[in-house]
Structure formats: structure tokens, C-alpha cells
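**Q** Chains as they are written, first to last, in our numbering: chain U, 1 to 439; chain W, 1 to 321.
Incorrect hints may have been included.
[Stated by the list, open to error] For lysine to aspartate or glutamate, the following DMTMM-like pairs were computed, each having C-alpha atoms within a straight-line distance of at most 25 angstroms:
#1 U:171 x U:211
#2 U:402 x U:333
#3 U:238 x U:327
#4 W:99 x U:333
#5 U:143 x U:172
#6 W:282 x W:125
#7 W:99 x W:177
#8 U:402 x W:34
#9 U:402 x W:177
For the record, the hints were derived by calculation from the structure and aren't laboratory data.
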Amino acid sequence: MSTVVGPQFFWEVALALFLGWILMLWPRPVPAQGAAWSNEGLTMVLAQMLVFSLFGILEGNTGSHGRWFLVALGTWALGWWAAYFSLRWARCRGDRLLLPLACLLSGLGWVMQLRLEVALAVNQACWVLVGLASLILLTAYLKSLHQLQRWRWPLLVLCLALQSGLFLFGKERNGAALWYTFGPVSFQPVEIVKVLVVCLLAILLAPASQDPSRLTRPVLAMLGTAWLLLETLLVLQKDLGPALLFFGLFLVMLYLVSGRLRWVLGLLCLSLLLSAAAYNRFSHVRVRVEAWLDPLGNYQDSGYQISEALFSLAWGGWLGTGLGLGEPSRIPEAPTDFIYVAWCEEMGALGGCLLWAALTLFLLRCFRAAQVSQDPFERLLAVGLACLMSWQSCVVLYGILKLMPMTGITLPFISYGGSSLLSNFVILALLLRMTRREL
Amino acid sequence: MSFDRRLTRIKWGFLLVLLAVPLRLVALQVLWRDQLNSDPHNSRTQERLAYRGRILDRHGALLACSHGERRVYPQGQLTAHWTGFCSPDRGVAGAERWKTELLRERREDGGKTSRRGHDLRLSLDLGLQRRLLGYFPNLPGAALLIDLDRAQVLAAVSEPGFQPARVGRDWRKWQSDSQAPLLNRAFLGVYPAGALATSWDWKRLPRRPVLLMDWTEPQVVKGQLLISPVQLAYRLVLSGGNLPLSQLFNDHPEPWHPAVDLAPLVRCAGGWQWSCVARLEKQVVTWAVAVRPPYAAIILWENTDKQKAALEAAWKSLPSP
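Isolated chain U (complex conformation) (with noise of 0.2 angstroms):
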């Protein structure tokens, strides 16, 4: 209860050092090659101290998990420590700062989702398993990311199809089909396709990034064909999420590139329009602008969802309940998009702030590799990617917080969700490949 301070209050202070300590090491310029590697390697040690230190809190407050869940946990450390070791020996060390906060997202992450159901963090912990290894082949064995400019329009039509595929093989949940079931592993070929997306416009927008003369009527008609027709896929399929996410980046790339604010505002309009037409067309549209409008009012159908939401976050209060004595599952879908709600009702406003600062200061730093990149198409990839994952934290947490109507995303490395978690993998392969030069 907000009037005892738990120890989540102990270990949030120690996550504020933390924080401080990567601010610290934020703007270092980047030591030669060989130069030692201590402040990397700590960094990634005080991060899995304070995920360790978290789980500790967890077991002291319900006592029910159990030896076997420290050695999942022992497992998980050795898989990222494999990571960071196949890093350095690939000579592809990458962003200092990125690994070790994707390793304390992802820690987090699966702490809260062992709290709020065990099923579900032990599958969880496999996919982790999967997305390190993933990112441990690509960053040793993607050589040039140049490679794939040669395949535009296989990466068109490999979206298109595992998108439009889920029309014959998805598996329904939720009223919508939106996976793809191979016993008992089931994959959502979105989160796979809003990065081939990324690397789509990545190739297409090159050129024009150095000229914007090279905007050309030819690149924006694919352009324009390709979001149509993946934007039409998703809004009959009724994966709204995803929909509003390649809205976004696309709008962002455009602007990003042409540096037209005109065409972007236009276009702006358009959609609003059409969401307008949407919402009174779709039923399932008006029904979430309804719960997000007033969610008390619609408590017993549409509003039930966010109505739990808000009532999670006020029983939190400052310093939370305690992880592991709230009760979060009360809302329906706790562990993928209300993970960060489950997560402020036990450890706070405090804890959610600092949970908030972490995922930005990883955003940021995406941002910035961004930034530091020469080469025109790994810029714009990275660019991409880093607005991908901002545009949609932004989504999810506008969406949980009552401040726009919720789609159902995930949050980068925290909420559960397999496919989710291996393109996060996937893009943070990317990000450190292409800032292999700053080592």
C-alpha cells in the first residue's frame, strides 16, 4: 500500500542510478579499437542485477516461483552474455548502450509476465532464447546490408503474401485471424512484415535522401501502391494497430525524405477523413472510439478494458502496491498491451517514469544511430527503424493511457509476444550491424 514504502521504492532509486549512469556514458566519444570494454560489460552487469534484484522482489513478496525460474533467469543472462560476447568476436560491437538496454527492457519485461502468468513467461523465455540467436547469426553473418537493395520487389510481394495469406491459414482469436499456427508455436507474420516494410522504403527512399530531385513519379507510385494495398490488407483483415503504424511511418519517411510538410499535412487530412468514413462504416471502430471516449460508461462491454486499466493505475498510486500484490489480471490482455499498466499498478507512478525513461532513452538511442551513420541506405533503414519502434511505444502507451482509442500493439521488449519480441531482436540485429564502425 502507497503508505508503506515497499522495496520496489529501493530497487526504483537504484534503476534511477542506473539511468543516470547511461546518461553518463551517453555523448563519451567512442574509445579506439581494443581500447578496454569495462564500461560496456558493467553496464550490461548493472542491468542484470537490477532484473535479478527484481525478481528477488518478486519472490520475497509471493514466494511461489521457485529455484527453476532463477535458472530460466540464470539462462536468459548467459543468453545475452553469449550475445555480447558473439559481438565482440564478430567485430560487429556496435552501440555500446543498446544492448544493455534491449537486456534490461527485455529482463523487465519477462519479470512482470512471470508475475502475471507463468505459462506464458515460460514461453516467453524461449522466444528470447530464439531472438538472441537470431541477432547472434545476423550481426556475424550479414556482411553488407546492401545485399538486400538488390531485392525490392521480392520484399513487396513477400509482405504482400504473408499478409494476404492469413485470409486462407490464419488462426481466428480474438474475432480477427491474425496468426499462423505450426503446433504449438503461433506466429504473427505482421511483426515480421512492418521490418521488411523499414527496409522497403529504406531502398526505395535512398536515392532520394541524398537528392530529393530523385523523388521520382515511378518511386512514388510503387510507393504509393505499396502502402495502399498493405494499409487495404490490414483494415480488412481488422488489425487497426498495424494499420495506423505503417500510417505513421510512412508519413514520417515521406517528410523525412521530400522534406514537403504540405504533402504530409494533405495527406493528414485525407486519412482523417477516411477514419472519419471508417468510423461510420466499421462497427468495430465506433466500438473502440466509444471505450475511449468513456470507458466508465461502457464499462459493461466496450469500456471493461480501459475502465480496468485506469482503476490499475489510481490503485497503484505513487510507490505502487508491490510487485505481486496488485491484482493486474484483472485487465483482459495484461501481459501484451496493458504490460506497462500492469507494471505502474505495482510499482508506481515512479516506477512507470523510470520504466518510461528506460524505453526512450533506448528509443533515443536508436535515434542516434541514426544519426552517427554515413552510408545513405543505412541511415534511412535506421531511421526507419527507430521511428517504427517510437510511433509504435507512442501507440500502445497513448492507447493504454486512455489518451487515443487502444490497438492492439506491443510495447518494444516488455509486453509478451513471441514474434513481437524475435523482429525486436531482428531490428536491434540491424541497429548494432550498421553502427559497427563506432566501436
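Fit chain W to the supplied structure of chain U, relying on the hints for placement.
**A** This is chain W only, laid out in the frame that chain U set:
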């Protein structure tokens, strides 16, 4: 504008958009906390009703307890504005609301964590509360009896009251009742202050009440000071009851009368007493105050300028000391 500048702009744009998140978080988790916690839909505050702690008066008399999934208020209307209610349809109010965490929190019982919540002991004295209620024979109004030294409310009356057990059934009726039985007049009622000095710096009262309940701010409407009984009580607490009369009253056209004898209530003689009539447009109220440190009583009758009749009626209804 170059590519790099646009890139920087986009980066800061995202940061700006994300900045709304911590602000919103603080708003929801800290500022609007009470409101959300007392929402009638919020089952967190209501579930485990069976394990909710009891509410007791200062001597341990039972004011609220749980029988199964039902909340029972043995003193009913007498303490309704103290206990408030805890209803599945209408949410949580009163002490049930502002101490809901304490009432729900699991307590340690001999080293073991019990499911039952903590008991809440109020500063209320049930006997004094009964006597204070005697000043309101079918008259709407409010009264407070306070301990000036410890800044505690010993009794607080708001008439007419309501039956906490009937919140589910009678809610609509009470809502439309012009007498507003649900309003806690002693703390939230706002009345013209009459002869009470406007020169007093009421605005400088701290916003955090010592008396631990919601209250309104003193305000001035058409040159007339509006206060609630608890604000006067708080003023008395701050001065320890040692205010010279000249500080409390100014030259007001309305004469004040040492008419009502509150001596039995404050259990003493030798203190000072005072009453006056105050008006603002159609609103007419009668104030009565008696102070004898460490005790002070404040009584307010609404809608009456028939001061004498009212006071006599009140006097007659008073239980003999």
C-alpha cells in the same frame, strides 16, 4: 532544410509526443486516484467485502462491519456521514472511501497474514454525536464538536442524513431531494459567514486540512464571506480557542446574540458563546458557536431567521446534562 535537421526534428518530435506519458501517468495515478478508486464500477475497492475491516468510534463502539458479502452499519443514520457507504451500485464514500486501503489491507495476526483488513478507529464519540444531533429537531443544518488541542472532530452532524444500508434503493430519491441528504454539510456545505470577520485571512488557510476530510475553499460572493462549518472549526483549532472576540467578529449590521446556551455540550462553564444570523440573497442561516478550550462546538441551522423559535426548540430538545 537538410536531411539531418529533419531527422533531428523527427527525433525531438517523438520525444515530445512520448513526454505526455509520464504526465498522464502522474495524473491518473496520483491526482485522479481518489475519483477512480471510488468509481461505482471499480470492483477493486468493493470486492472482498467480507474481509473488509470494521469501523469503530473512539471508545470501540461498532459503526460498520461486514456480514458475509454485506456491509452493515449498526448506527445507521446517526453516523452515516462519518462512515459513508460501500455499495456495489453507488461506489464508496465517507471513511469507507478515504481509508479504503487501510480497511482492505491484509493485516498481520500473530505472525500470520490474515485476510481480514485493518480496523479503522475514528475520533468520533458516539455519545456526543447523539447529543449533538439533538440540536436539530426537524431542521436542516450541520454541527461540529472539536477537540482544539488535538485537532480532532469528536462529533459531526449533517441533517438531514441518510441510511447507509438503503443506498442501493433510495439513491435516486435522495438525489432529487431538495434537502440534499447526501451532502455532508459540516464539511462541504457553504454558508454566508455573517458577523464572522471578513478581515480574517481565510484565504491563507492551508489547503491540506488538519481535520482530514474534503472541504471547500472559503470564498467571497457579493462582499459576503462564504465558509463551511469545518473551516470555522479549523480557524478555531489554529488559534487554540484563544481568539479575542474582537478578532472573530467585525462591525456587521446583523446583531449577534448570546442566546443559545451550549454549555452542556462543551461540558463547561466560563467559556464564550455566540450566535448570529447571516444572509445572502434568499439563503438565511443561524450560526452558534461555543468555545471552552480544549473543546469547541459549532452549530448551524439552515433556512431559518426565526432564530429565537429555532433556538428554543433546539434548547427544549436537548437532553438534560
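**Q** Next step is simple, just say for each hint if it's right about the structure.
**A** Here is what the structure says about each hint:
1. Annotation: proposed proximity of residue 171 of chain U to residue 211 of chain U is violated, straight-line Cα distance about 45 angstroms (limit 25 angstroms).
2. Between the alpha carbons of residue 402 of chain U and residue 333 of chain U the distance comes to roughly 15 angstroms, so the proposed pair stays at or under 25 angstroms and holds.
3. The straight-line distance between the Cα atoms of residue 238 of chain U and residue 327 of chain U is roughly 30 angstroms, outside the 25 angstroms bound, and the hint therefore fails.
4. At most 25 angstroms may separate the alpha-carbon atoms for a hinted pair to count; residue 99 of chain W and residue 333 of chain U exceed this at roughly 30 angstroms.
5. Only pairs whose Cα atoms come within 25 angstroms are accepted, and residue 143 of chain U paired with residue 172 of chain U is rejected, the gap being roughly 39 angstroms.
6. Annotation: proposed proximity of residue 282 of chain W to residue 125 of chain W is violated, straight-line Cα distance about 35 angstroms (limit 25 angstroms).
7. Restraint check for residue 99 of chain W and residue 177 of chain W: the C-alpha separation of about 28 angstroms exceeds 25 angstroms, so the hint is violated.
8. Restraint check for residue 402 of chain U and residue 34 of chain W: satisfied, since their Cα atoms lie roughly 18 angstroms apart, inside the 25 angstroms limit.
9. In summary, the hint linking residue 402 of chain U to residue 177 of chain W is not supported, as the alpha carbons are separated by about 35 angstroms, beyond the 25 angstroms threshold.
Checked against the numbered hints given earlier, this structure breaks hints 1, 3, 4, 5, 6, 7 and 9; the rest are met.
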